[in-house]
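Trainee: Each residue of the sequence shown is one higher than the one before, counting from 4 in the working numbering.
These are calculated hints, taken from the structure and not from any lab test. The structure presented is a predicted model; accordingly, all values stated were derived computationally and were not measured. Mixed in with the good hints, there may be bad ones.
[Stated by the list, open to error] FRET-style restraints, in silico, Cβ to Cβ:
hint	residue 1	residue 2	range
1	Ala165	Thr272	45 to 53 Å
2	Ser269	Leu16	25 to 33 Å
3	Pro281	Ser237	47 to 55 Å
4	Gly178	Leu279	50 to 58 Å
5	Val246	Gln72	16 to 24 Å
6	Ala221	Gly178	26 to 34 Å
We put the CB at the ideal spot given by N, CA and C, even for glycine.
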Amino acid sequence: MIAQQLGDVRELLSRGHLRIHGAGVEGHSAPLASIGQVAATWQRAVSAVGASLEGAKVNRGRLSEAIVQRTTMMLATSPAPGSVILNLTPRSDPFAEVAPEGQRVMVDVERPLADRANETLIGLLSEAASAGPDGDALAQHMRELGARVASNVKDLAKSLSAANFDLDATWLEPGQPAARVTVSSGIAGWLAQFVDGQALDSYEDELIGVAHTLSDVARWRIDTEDGPRYVDVSELPPEAFEVPRLRETITLRVRVQPTERPDGTSSETYTALELLGPA
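Whenever a hint applies, use it, and build me the whole structure from the sequences.
Mentor: This is the structure in C-alpha coordinates:
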(Lines of atoms letter the chains of each structure in order from A and count residues from 1; the text may use other names and numbers.)
(Lines give C-alpha, C1' and ligand atoms only; values in the text may rest on other atoms or scores of the structure.)
Protein backbone atom coordinates (compact mmCIF):
# COMPACT_ATOMS: atom_id res chain seq x y z
CA MET A 1 0.00 0.00 0.00
CA ILE A 2 2.83 2.42 0.85
CA ALA A 3 4.50 1.76 -2.49
CA GLN A 4 1.21 2.23 -4.35
CA GLN A 5 0.57 5.54 -2.59
CA LEU A 6 4.09 6.64 -3.44
CA GLY A 7 3.46 5.76 -7.06
CA ASP A 8 0.30 7.88 -7.09
CA VAL A 9 2.11 10.85 -5.58
CA ARG A 10 5.08 10.47 -7.93
CA GLU A 11 2.96 11.17 -10.97
CA LEU A 12 3.55 14.76 -9.76
CA LEU A 13 6.87 16.50 -10.43
CA SER A 14 9.24 17.76 -7.77
CA ARG A 15 10.56 21.27 -8.11
CA GLY A 16 13.24 23.41 -6.59
CA HIS A 17 14.18 27.06 -6.40
CA LEU A 18 17.58 28.70 -6.05
CA ARG A 19 17.00 32.33 -5.09
CA ILE A 20 20.22 34.29 -5.56
CA HIS A 21 20.45 37.67 -3.87
CA GLY A 22 22.90 39.80 -1.92
CA ALA A 23 25.51 42.38 -2.85
CA GLY A 24 26.37 40.63 -6.12
CA VAL A 25 22.83 41.17 -7.50
CA GLU A 26 21.73 44.50 -8.97
CA GLY A 27 17.94 44.79 -9.01
CA HIS A 28 16.97 41.46 -10.53
CA SER A 29 20.12 41.16 -12.67
CA ALA A 30 23.47 39.51 -12.04
CA PRO A 31 26.53 38.66 -14.14
CA LEU A 32 25.75 35.78 -16.50
CA ALA A 33 29.07 34.04 -15.85
CA SER A 34 28.50 34.09 -12.08
CA ILE A 35 24.91 32.81 -12.35
CA GLY A 36 26.06 30.11 -14.76
CA GLN A 37 28.81 29.07 -12.35
CA VAL A 38 26.35 28.72 -9.47
CA ALA A 39 23.95 26.68 -11.63
CA ALA A 40 26.74 24.43 -12.91
CA THR A 41 28.25 23.81 -9.49
CA TRP A 42 24.82 23.10 -7.98
CA GLN A 43 24.22 20.50 -10.71
CA ARG A 44 27.59 18.86 -10.16
CA ALA A 45 27.05 18.82 -6.38
CA VAL A 46 23.61 17.20 -6.80
CA SER A 47 25.07 14.54 -9.11
CA ALA A 48 27.96 13.93 -6.71
CA VAL A 49 25.57 13.49 -3.77
CA GLY A 50 23.39 11.19 -5.87
CA ALA A 51 26.43 9.07 -6.75
CA SER A 52 27.40 8.92 -3.07
CA LEU A 53 23.91 7.78 -2.07
CA GLU A 54 24.25 5.00 -4.67
CA GLY A 55 27.65 3.95 -3.27
CA ALA A 56 30.12 5.81 -5.54
CA LYS A 57 31.97 8.04 -3.06
CA VAL A 58 35.50 8.30 -4.50
CA ASN A 59 36.13 11.14 -6.93
CA ARG A 60 37.68 9.04 -9.69
CA GLY A 61 36.63 9.00 -13.34
CA ARG A 62 33.30 10.00 -14.84
CA LEU A 63 29.98 9.43 -13.15
CA SER A 64 27.91 6.68 -14.73
CA GLU A 65 25.36 7.71 -17.34
CA ALA A 66 22.59 6.25 -15.16
CA ILE A 67 23.51 8.52 -12.22
CA VAL A 68 23.82 11.57 -14.48
CA GLN A 69 20.44 10.90 -16.09
CA ARG A 70 18.69 10.43 -12.74
CA THR A 71 20.14 13.62 -11.21
CA THR A 72 20.10 16.06 -14.15
CA MET A 73 18.16 19.25 -13.40
CA MET A 74 16.22 21.30 -15.95
CA LEU A 75 16.40 25.08 -15.51
CA ALA A 76 14.14 28.08 -15.99
CA THR A 77 14.84 31.54 -14.61
CA SER A 78 12.60 34.27 -13.29
CA PRO A 79 13.33 37.69 -11.77
CA ALA A 80 12.18 38.94 -8.40
CA PRO A 81 12.91 42.28 -6.72
CA GLY A 82 16.53 42.23 -5.61
CA SER A 83 17.15 38.65 -6.70
CA VAL A 84 17.38 36.14 -9.53
CA ILE A 85 15.49 32.85 -9.18
CA LEU A 86 16.56 29.60 -10.83
CA ASN A 87 13.62 27.19 -11.05
CA LEU A 88 14.65 23.53 -11.15
CA THR A 89 12.86 20.33 -12.10
CA PRO A 90 14.31 16.82 -12.51
CA ARG A 91 14.86 15.72 -16.09
CA SER A 92 14.20 12.10 -15.16
CA ASP A 93 10.60 10.89 -14.82
CA PRO A 94 10.09 10.19 -11.08
CA PHE A 95 7.24 7.75 -11.75
CA ALA A 96 9.62 5.56 -13.76
CA GLU A 97 11.81 5.12 -10.68
CA VAL A 98 9.06 4.21 -8.21
CA ALA A 99 7.04 2.19 -10.74
CA PRO A 100 9.49 0.38 -13.03
CA GLU A 101 8.04 -0.45 -16.46
CA GLY A 102 4.83 1.24 -15.39
CA GLN A 103 4.08 -1.43 -12.78
CA ARG A 104 3.43 -0.33 -9.21
CA VAL A 105 5.35 -2.69 -6.98
CA MET A 106 3.93 -3.79 -3.64
CA VAL A 107 7.16 -3.40 -1.68
CA ASP A 108 8.88 -0.27 -0.42
CA VAL A 109 11.00 1.46 -3.05
CA GLU A 110 13.59 4.21 -2.84
CA ARG A 111 12.42 7.74 -3.52
CA PRO A 112 13.70 9.19 -6.80
CA LEU A 113 17.43 9.88 -6.70
CA ALA A 114 17.06 13.55 -7.73
CA ASP A 115 14.84 14.14 -4.69
CA ARG A 116 17.15 12.38 -2.27
CA ALA A 117 20.23 14.11 -3.69
CA ASN A 118 18.78 17.65 -3.54
CA GLU A 119 17.41 17.03 -0.05
CA THR A 120 20.77 15.69 1.18
CA LEU A 121 22.68 18.60 -0.38
CA ILE A 122 20.36 21.14 1.24
CA GLY A 123 20.72 19.31 4.55
CA LEU A 124 24.50 19.44 4.24
CA LEU A 125 24.39 23.19 3.54
CA SER A 126 22.08 23.62 6.54
CA GLU A 127 24.68 21.92 8.73
CA ALA A 128 27.32 24.31 7.38
CA ALA A 129 25.12 27.34 8.05
CA SER A 130 24.68 26.32 11.69
CA ALA A 131 28.04 24.63 12.35
CA GLY A 132 29.90 25.46 15.53
CA PRO A 133 33.53 26.59 15.69
CA ASP A 134 34.98 23.10 15.22
CA GLY A 135 32.45 21.72 12.71
CA ASP A 136 33.13 18.12 13.78
CA ALA A 137 29.65 16.85 12.87
CA LEU A 138 29.78 18.56 9.48
CA ALA A 139 33.22 17.10 8.74
CA GLN A 140 32.03 13.62 9.70
CA HIS A 141 28.97 13.89 7.46
CA MET A 142 31.09 15.03 4.52
CA ARG A 143 33.55 12.18 5.05
CA GLU A 144 30.63 9.74 5.01
CA LEU A 145 29.43 11.18 1.70
CA GLY A 146 32.93 11.03 0.24
CA ALA A 147 35.58 13.21 -1.38
CA ARG A 148 33.59 13.75 -4.59
CA VAL A 149 30.77 15.42 -2.65
CA ALA A 150 33.18 17.54 -0.60
CA SER A 151 34.99 18.69 -3.74
CA ASN A 152 31.80 19.73 -5.52
CA VAL A 153 30.31 21.40 -2.43
CA LYS A 154 33.55 23.39 -2.12
CA ASP A 155 33.22 24.50 -5.76
CA LEU A 156 29.62 25.57 -5.16
CA ALA A 157 30.63 27.51 -2.04
CA LYS A 158 33.51 29.21 -3.88
CA SER A 159 31.20 30.27 -6.72
CA LEU A 160 28.78 31.90 -4.25
CA SER A 161 31.54 33.58 -2.26
CA ALA A 162 33.43 34.87 -5.31
CA ALA A 163 30.27 36.46 -6.76
CA ASN A 164 29.16 37.86 -3.37
CA PHE A 165 25.88 35.96 -3.68
CA ASP A 166 23.55 34.84 -0.90
CA LEU A 167 21.53 31.71 -1.69
CA ASP A 168 18.07 30.57 -0.61
CA ALA A 169 17.63 26.97 -1.79
CA THR A 170 14.31 25.11 -1.64
CA TRP A 171 13.35 21.60 -2.76
CA LEU A 172 9.68 20.59 -2.91
CA GLU A 173 8.94 16.89 -3.33
CA PRO A 174 5.29 15.76 -3.48
CA GLY A 175 4.32 13.98 -0.27
CA GLN A 176 7.48 15.07 1.62
CA PRO A 177 8.33 18.06 3.85
CA ALA A 178 9.99 20.95 2.04
CA ALA A 179 13.78 21.19 2.35
CA ARG A 180 15.11 24.74 2.72
CA VAL A 181 18.38 26.49 3.50
CA THR A 182 19.84 30.00 3.39
CA VAL A 183 23.58 30.33 2.80
CA SER A 184 25.16 33.78 2.94
CA SER A 185 28.24 34.62 0.89
CA GLY A 186 30.18 34.77 4.16
CA ILE A 187 29.11 31.25 5.16
CA ALA A 188 29.94 30.05 1.65
CA GLY A 189 33.46 31.44 1.94
CA TRP A 190 33.89 29.78 5.34
CA LEU A 191 32.63 26.45 3.94
CA ALA A 192 35.14 26.46 1.07
CA GLN A 193 37.97 27.14 3.53
CA PHE A 194 36.63 24.48 5.91
CA VAL A 195 36.73 21.79 3.21
CA ASP A 196 40.30 22.79 2.34
CA GLY A 197 41.44 22.99 5.95
CA GLN A 198 40.02 19.58 6.83
CA ALA A 199 41.24 18.04 3.52
CA LEU A 200 37.73 16.67 3.04
CA ASP A 201 38.01 16.65 -0.74
CA SER A 202 41.02 14.31 -0.71
CA TYR A 203 41.47 10.70 0.32
CA GLU A 204 44.31 8.31 1.13
CA ASP A 205 45.27 5.40 -1.10
CA GLU A 206 48.17 3.05 -1.81
CA LEU A 207 50.14 3.54 -5.01
CA ILE A 208 52.11 0.57 -6.34
CA GLY A 209 54.39 0.88 -9.33
CA VAL A 210 57.86 1.01 -10.80
CA ALA A 211 59.96 4.03 -9.81
CA HIS A 212 61.39 5.73 -12.90
CA THR A 213 62.55 8.98 -11.30
CA LEU A 214 63.72 9.45 -7.72
CA SER A 215 64.69 12.82 -6.27
CA ASP A 216 64.47 14.72 -3.01
CA VAL A 217 63.49 17.95 -4.81
CA ALA A 218 61.29 16.87 -7.73
CA ARG A 219 58.22 14.72 -8.17
CA TRP A 220 58.70 10.99 -8.54
CA ARG A 221 57.37 9.23 -11.61
CA ILE A 222 55.76 5.94 -10.65
CA ASP A 223 54.54 3.71 -13.47
CA THR A 224 51.42 1.89 -12.28
CA GLU A 225 49.13 -0.59 -14.03
CA ASP A 226 46.90 2.39 -14.90
CA GLY A 227 49.72 4.49 -16.33
CA PRO A 228 52.35 6.90 -14.95
CA ARG A 229 51.66 8.89 -11.79
CA TYR A 230 53.71 11.91 -10.73
CA VAL A 231 54.01 12.11 -6.95
CA ASP A 232 54.92 15.09 -4.77
CA VAL A 233 57.40 13.75 -2.19
CA SER A 234 57.95 16.96 -0.21
CA GLU A 235 56.21 15.52 2.87
CA LEU A 236 58.35 12.36 3.08
CA PRO A 237 60.98 12.17 5.85
CA PRO A 238 64.67 12.29 4.79
CA GLU A 239 65.22 8.58 5.44
CA ALA A 240 62.61 7.67 2.83
CA PHE A 241 64.95 8.82 0.06
CA GLU A 242 67.61 6.28 1.07
CA VAL A 243 65.48 3.17 0.42
CA PRO A 244 64.10 2.90 -3.11
CA ARG A 245 66.08 2.25 -6.28
CA LEU A 246 65.35 3.17 -9.86
CA ARG A 247 63.16 0.65 -11.71
CA GLU A 248 62.24 -1.01 -8.44
CA THR A 249 58.58 -1.67 -7.65
CA ILE A 250 57.60 0.35 -4.58
CA THR A 251 54.49 1.03 -2.54
CA LEU A 252 53.58 4.52 -1.34
CA ARG A 253 50.80 5.70 0.94
CA VAL A 254 49.53 8.80 -0.83
CA ARG A 255 46.98 11.55 -0.44
CA VAL A 256 44.93 11.89 -3.61
CA GLN A 257 43.51 15.33 -4.45
CA PRO A 258 40.92 15.04 -7.24
CA THR A 259 39.88 17.98 -9.40
CA GLU A 260 36.71 17.69 -11.45
CA ARG A 261 36.64 19.40 -14.84
CA PRO A 262 33.51 21.03 -16.33
CA ASP A 263 33.15 18.14 -18.81
CA GLY A 264 32.73 15.64 -15.97
CA THR A 265 36.22 14.13 -16.16
CA SER A 266 38.64 14.43 -13.28
CA SER A 267 42.37 14.65 -12.67
CA GLU A 268 44.31 13.74 -9.56
CA THR A 269 47.39 15.06 -7.82
CA TYR A 270 49.35 12.72 -5.56
CA THR A 271 51.30 13.55 -2.40
CA ALA A 272 53.41 10.83 -0.78
CA LEU A 273 52.79 10.44 2.94
CA GLU A 274 54.82 7.30 3.63
CA LEU A 275 57.10 4.91 1.78
CA LEU A 276 55.78 1.47 2.62
CA GLY A 277 58.80 -0.18 1.04
CA PRO A 278 59.57 -2.23 -2.03
CA ALA A 279 56.43 -4.11 -3.09
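Trainee: Next, verify each hint and record whether it holds.
Mentor: Consistency of the hints with the structure:
With their beta carbons about 22 Å apart, Ala165 and Thr272 fall outside the hinted range of 45 to 53 Å. Range check, Ser269 to Leu16: about 31 Å between beta-carbon atoms, so the 25 to 33 Å window is met. For Pro281 and Ser237, the hinted distance range of 47 to 55 Å is not satisfied, since their beta carbons lie about 22 Å from each other. A beta carbon spacing of about 52 Å between Gly178 and Leu279 agrees with the range 50 to 58 Å that was offered as a hint.
For the pair Val246 and Gln72, the supplied restraint of 16 to 24 Å is violated, since their beta-carbon distance comes to about 48 Å. Our hint of 26 to 34 Å for Ala221 and Gly178 is violated, since their Cβ atoms are close to 58 Å apart.
Figure legend: structure checked against the earlier numbered hints; hints not met, in rising order: 1, 3, 5, 6.
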